[in-house]
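Assemble chain B onto chain A, guided by the hints.
Chains A and B, in that order, are what the protein sequence lines are. Here the first sequence is numbered in our numbering, starting from 1018 and rising by one per residue. Here the second sequence is numbered in our numbering, starting from 1018 and rising by one per residue.
Some hints could be false.
Because identical chains cannot be distinguished in the list, a pair is counted as satisfied if it fits within a single copy or across any two copies.
Claimed, not checked - Below, computed lysine to any residue pairings styled on SDA-like, alpha-carbon distance capped at 20 angstroms: (1) Lys1126 x Tyr1284; (2) Lys1245 x Phe1139; (3) Lys1108 x Ile1052; (4) Lys1224 x Asp1268; (5) Lys1040 x Val1186; (6) Lys1329 x Val1279; (7) Lys1230 x Met1247; (8) Lys1230 x Arg1131; (9) Lys1237 x Gln1036; (10) Lys1126 x Arg1283; (11) Lys1108 x Asp1269; (12) Lys1126 x Arg1047; (13) Lys1329 x Tyr1284; (14) Lys1126 x Phe1037; (15) Lys1230 x Asp1269.
No lab work stands behind these hints: they were computed from the structure. Note that the structure is a prediction, hence the values are computed from the model and not measured.
Each chain, written out:
There are 2 protein chains.
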Amino acid sequence: MIKIPDFSDIENASKRIAQFVHKTPILSSRLLNEIADCELFFKCENFQKVGAFKFRGATNAIRSLSKDELAKGVCTHSSGNHAQALSLAAKQAGVPAYIVMPKNAPQVKIDAVRNYRAEIFFCEPTLEARETRLKEVQEKTGASFIHPYNNFHVIAGQGTAAKELLEDVSNLDAIIAPVGGGGLMSGTAITTKSLHPTMRVYGAEPKAADDAKRSLDAGKLIPSLSPKTMADGLLTSLSDGTFHVLSTHLDDILTCSETSIVLAMRYLYERMKIVVEPSGAVPLACVLENKEMFKNQRIGIIISGGNVDVQKLPF
Amino acid sequence: MIKIPDFSDIENASKRIAQFVHKTPILSSRLLNEIADCELFFKCENFQKVGAFKFRGATNAIRSLSKDELAKGVCTHSSGNHAQALSLAAKQAGVPAYIVMPKNAPQVKIDAVRNYRAEIFFCEPTLEARETRLKEVQEKTGASFIHPYNNFHVIAGQGTAAKELLEDVSNLDAIIAPVGGGGLMSGTAITTKSLHPTMRVYGAEPKAADDAKRSLDAGKLIPSLSPKTMADGLLTSLSDGTFHVLSTHLDDILTCSETSIVLAMRYLYERMKIVVEPSGAVPLACVLENKEMFKNQRIGIIISGGNVDVQKLPF
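Chain A on its own, in the form it takes in the complex:
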């Protein structure tokens, strides 16, 4: 298992990345509070560079490399926000980035990564092909592999979003973040339980991709088997490292239906006036499905990102 960061690592990450990342705004809506029967404080990582929290972890990972490592660049496998985040963070640091992507990745995601001048290596759309291709790239380039979430520095970087939220909003009763691979959730949980040991921390998952819920209930890692949810950022399974953090830090994992995700997205667009991706609406969807649990409380929510095809919104 990877080494797990503690809060001092997250504090160091915060200092390391401060000049490179946006300190994103925290938004609230009176109308949305009335709908949800509680006070909601949204940490808007959809306004982060590349449109997602992933830029925090990627920047922290790259800025933690040695001079020799930096010279050889970084690599990863991802067709989503982590690929863009690592590409931009590498470009800003002046080092090469190599991205392994399935050859059926959407053109818009390929273009986004190319726009940051990363080099793309295509592979067949299978887990095995992806790992083989990544190994080839590593052997050829000597680049450091930055895993999207099973990485000490990535988790530490993602924990800086909750740190900013907790510094700016006092007296929260609970904090909720979406769970995909568990990098954001791990960083959020470590930060929260370190600063406020009695504050409740919840993960939020679509019912249709509830591998983290099932893993925590079973007390062992149960990977997702080709889950189908519109929350395309939450399809991945936990790693041993993030499973360990979630098992030891979370109060519970909440789940929500696809219908609730659409409703939550629509509320965020109509009431908060922000563009979020389906994954980013999952925590609000879980609040709406569990209103009694949060009634009249102060709840912090991390909006993970805003990368969505605005021509194909689900409402």
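Below, chain B without anything else, positioned relative to chain A:
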């Protein structure tokens, strides 16, 4: 002509409304700056209460009334953001609001006003019927008429958005706001030319509703004759008061096509991750049509609002 506020009136408005309005965030996007060839700073009044800058002026107008006036309440004619703004500002101040609306107003706008507990008086959808109905309401209730833009306190309130923008972002070369009736534009121009006499100030209008452009060019007020633009907040014509301010304070009025409005909206959704109404995208559309004018400069833009049917976006 109404009395025109000067900057000291805007400073007073700012103090008067501070505890009631949101200090809205100012957002930027590196990608959008690359597209526009300049540095853009967006003052996001789409995040204001009721989703539009109108809440500033309405709050300032109500909070400037005497105790006797307050007891009788306020009234206006509007089916748009001003109706909602006045209704909420009145509710917050604990006074009645009476809104005259055309009977063919969209149900969603009627519901929004009712939600703020204002009393609605319907009228035929003509200018004459609207004014007759408003007079009846005034006679019956004794309420103070708060005009959507031809009002000293409303203009002073709208000027506080530019004040916040100029206090938070230094060294702007120009500032641009949309022009409908001219209330926001007047407040923006008075603030800007008072604080920075050499900073350029531009109005932004759809070509399809360019009554302010034509009025300023002709040196006299030329009202709009049933203009057709998707920017439904900019259909109204200037008043004598706002025409006077714009004539004496603006460097120019820029116009844009409907196609540019759609493109600008899409950029704001995709790159900035914010929901804006068509009127709010008009200043960016004008920048995109006049890139040489702003090349490499620092430009402040006021996003007027975000009240749009997200199920009927034009892209």
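We went through each hint and held it up to the structure:
1. Lys1126 x Tyr1284: Between. Shortest inter-copy distance 17 angstroms satisfies the 20 angstroms Cα cut-off; intra-copy 26 angstroms does not.
2. Lys1245 x Phe1139: Classified as neither: same-chain Cα gap 23 angstroms, cross-chain 49 angstroms, threshold 20 angstroms.
3. Lys1108 x Ile1052: Classified as between; 19 angstroms across copies, 43 angstroms inside a copy.
4. Lys1224 x Asp1268: within (18 angstroms within a copy, 56 angstroms between copies)
5. Lys1040 x Val1186: The answer is both: 14 angstroms in one copy and 16 angstroms across copies each meet 20 angstroms.
6. Lys1329 x Val1279: both (12 angstroms within a copy, 16 angstroms between copies)
7. Lys1230 x Met1247: within (18 angstroms within a copy, 46 angstroms between copies)
8. Lys1230 x Arg1131: neither (36 angstroms within a copy, 42 angstroms between copies)
9. Lys1237 x Gln1036: Neither: 39 angstroms inside a chain and 51 angstroms across chains, both beyond 20 angstroms.
10. Lys1126 x Arg1283: between (24 angstroms within a copy, 17 angstroms between copies)
11. Lys1108 x Asp1269: neither (38 angstroms within a copy, 40 angstroms between copies)
12. Lys1126 x Arg1047: between (35 angstroms within a copy, 18 angstroms between copies)
13. Lys1329 x Tyr1284: For Lys1329 and Tyr1284, the Cα distance is within 20 angstroms both inside one copy (17 angstroms) and across copies (15 angstroms).
14. Lys1126 x Phe1037: Result: close neither inside a copy nor across copies, 22 angstroms intra and 42 angstroms inter.
15. Lys1230 x Asp1269: within (8 angstroms within a copy, 59 angstroms between copies)
Hint compliance for this structure: hints 2, 8, 9, 11, 14 are broken, all remaining hints hold.
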